[in-house]
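Asks: All chains should be built: construct the whole structure from the sequences, respecting the hints.
Given next are the chains, with one letter for each unit.
Number of protein chains: 2
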Amino acid sequence: MPGDEEQVFRDFLAQKGRRWTPERQAVLREVFAHHDHFDAEELHRRLRERGLAVSRASVYRTLGLLVESGLVAEVFVEDGHMHYEHVYGHEHHCHLRCLGCRRIIEFRDEALPQVEARLAAAHQFQVTGHKLEVYGWCAACRGKQG
Amino acid sequence: MPGDEEQVFRDFLAQKGRRWTPERQAVLREVFAHHDHFDAEELHRRLRERGLAVSRASVYRTLGLLVESGLVAEVFVEDGHMHYEHVYGHEHHCHLRCLGCRRIIEFRDEALPQVEARLAAAHQFQVTGHKLEVYGWCAACRGKQG
DNA sequence: GCCGTTATTGAGATTCTATATCATCTATTT
DNA sequence: AAATAGATGATATAGAATCTCAATAACGGC
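Quick note, the sequences are listed as chains A and B, same order. Per this note's numbering, the first sequence runs over residues 13 to 158. Per this note's numbering, the second sequence runs over residues 13 to 158.
These aren't lab readings, by the way, just hints derived from the structure by calculation. It is possible that some hints are incorrect.
What the hints assert, rightly or not - Computed cross-link-like contacts, SDA-like style, restricted to lysine to any residue with a CA-CA straight-line distance of at most 20 Å:
1) B:K143 to A:R68
2) A:K143 to B:M94
3) B:K143 to B:V79
4) B:K143 to B:R57
5) B:K143 to A:E35
6) B:K143 to A:F88
7) B:K143 to B:L111
What the hints assert, rightly or not - Derived DEER-like restraints, expressed as beta-carbon distance ranges:
8) B:L25 to A:R41: 11 to 21 Å
9) A:P34 to B:H47: 42 to 52 Å
10) B:A129 to A:A132: 38 to 48 Å
11) A:A151 to B:C113: 36 to 46 Å
Cβ coordinates follow ideal geometry from the N, Cα and C atoms, glycine included.
Replies: Here it is, written out as C-alpha cells:
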C-alpha cells in the first residue's frame, strides 16, 4: 500500500468530480516525501524551494482535500495554527508531547480501539476515528515547570 | 470545592505576582456561569451584553491566565479557532463529536489513566494530562456522510 | 485529436483570530 | 501619600486561512 497514495487520491478526486492537476500532484508528493509534522506555510515554502511554483491558495485547497480524503490528518495546534501529518501507509498512532522542549513522541496503545467500541455501543455512534494527545514533562525537562 | 474557583484563581495570581482586578473577576464569573463550551469572542460578547465592559484584550489575556491556572481547558478547534470549557469542579472527561450535527457528548473512560501510566513508565514522562477526541456519526446523522 | 464544459489556478484582496503597543490608570507596597 | 509595577483598553499589527475573479487547463464526448 505505501506508494499507493497517489492512486488513492486520484480515485478520491474522480469520485468527487474533481481533477488531478500538476499542482495537486506536487503537493501530494511533497507531503509524502517527509515523515515529520508540518504546517501549510512550511509546505508552501518547501514547494517553492524545490522550484515548484504552487500558489498558497492551491496549497491550502489541496491540503483540505487531502484531509477530506483521509490521506492526511490534522494533528495539533501549535503557535496558533494547525499542524498536519500524512497517515496513509502508517499505523494509527497518538502523540505524547513534552510541554518543555515540545518534543513529540508517537505511540500506539491497544486500549483505544476498546474505548472506541465502548463509545459506539453506548451512544449508537459509528466511530470513525480519534485523536489522543497526552502531555507532560520529559525526563530532560523535568523541573523546568512552574 | 465548586464555587471555590475565585479563591483558586486569586491564589494563582498572587503566587505569580499578578493582580486581582474587576475585569478578571467579571471574566471568571462569566466563564463559570455556564456549563457549555465557548470561544473568546462569545465570552466577550456575553460580558458586553451583561453591561460589563471588559475589553477584548483583557478577555483574551484573562482566558490565557485561566488556562495557565488549570481552571479552564482548551477543548478543540472548530471553525478555525479555539473553544474552551471550565474544568474546575468537574471530573475530567473527554469528547465524542458527531461530524454531522457537531453535537458533543462528554464521556469518561477508565482506560485513560492506565494509558497515561503506561506512557509515563515507558518514556520517563511526568504526565500531567491528556485530551481525547473521538469522532464519528451519531444515530441521527448516519447516512449523511460522503 | 479537437471542442466545449467546467473545475482549477494564482495574485491579490479580504476576513478573522489573536497579540502587540503604549499612554493612562490602578492595585499594592513601603 | 508616594513610588513601583502590573493592568486596562483603543488601536494597530501580525498572521492564518479563505475569497474573488479573470485566465487557464483537465476531462469527457464526439
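Asks: Taken at face value, is the distance from the CA of R57 of chain B to the CA of K143 of chain B at most 20 Å?
Replies: Violated, at roughly 27 Å.
Asks: Does L111 of chain B sit within 20 Å of K143 of chain B, going by the straight-line distance between their CA atoms?
Replies: Since the Cα atoms of K143 of chain B and L111 of chain B sit roughly 18 Å apart, the hinted pair holds (cutoff 20 Å).
Asks: Given the hinted pair K143 of chain B and R68 of chain A, is their alpha-carbon gap at most 20 Å?
Replies: The hint is violated at about 31 Å.
Asks: Between L25 of chain B and R41 of chain A, is the Cβ distance one that fits in 11 to 21 Å?
Replies: violated, 51 Å
Asks: Tell me if the straight-line CA distance from K143 of chain B to E35 of chain A falls inside 20 Å.
Replies: violated, 35 Å
Asks: Given the hint that K143 of chain B pairs with F88 of chain A, test it: the Cα-Cα distance must not exceed 20 Å.
Replies: holds, 11 Å
Asks: Does the hinted range 42 to 52 Å hold for P34 of chain A and H47 of chain B at CB?
Replies: Holds, since P34 of chain A and H47 of chain B (Cβ atoms, about 51 Å apart) stay within the stated range.
Asks: Between K143 of chain A and M94 of chain B, is the straight-line Cα distance small enough, at 20 Å or below?
Replies: holds, 16 Å
Asks: Tell me if the beta carbons of A151 of chain A and C113 of chain B are separated by a distance inside 36 to 46 Å.
Replies: With Cβ atoms ~43 Å apart, the hint holds.
Asks: Quick one, are K143 of chain B and V79 of chain B close enough, alpha carbons at most 20 Å?
Replies: Answer holds: K143 of chain B to V79 of chain B is near 14 Å, not above 20 Å.
Asks: 38 to 48 Å was suggested as the range; check whether the CB atoms of A129 of chain B and A132 of chain A agree with it.
Replies: Check failed, 25 Å falls outside 38 to 48 Å.
The earlier numbered hints that this structure contradicts are 1, 4, 5, 8 and 10.
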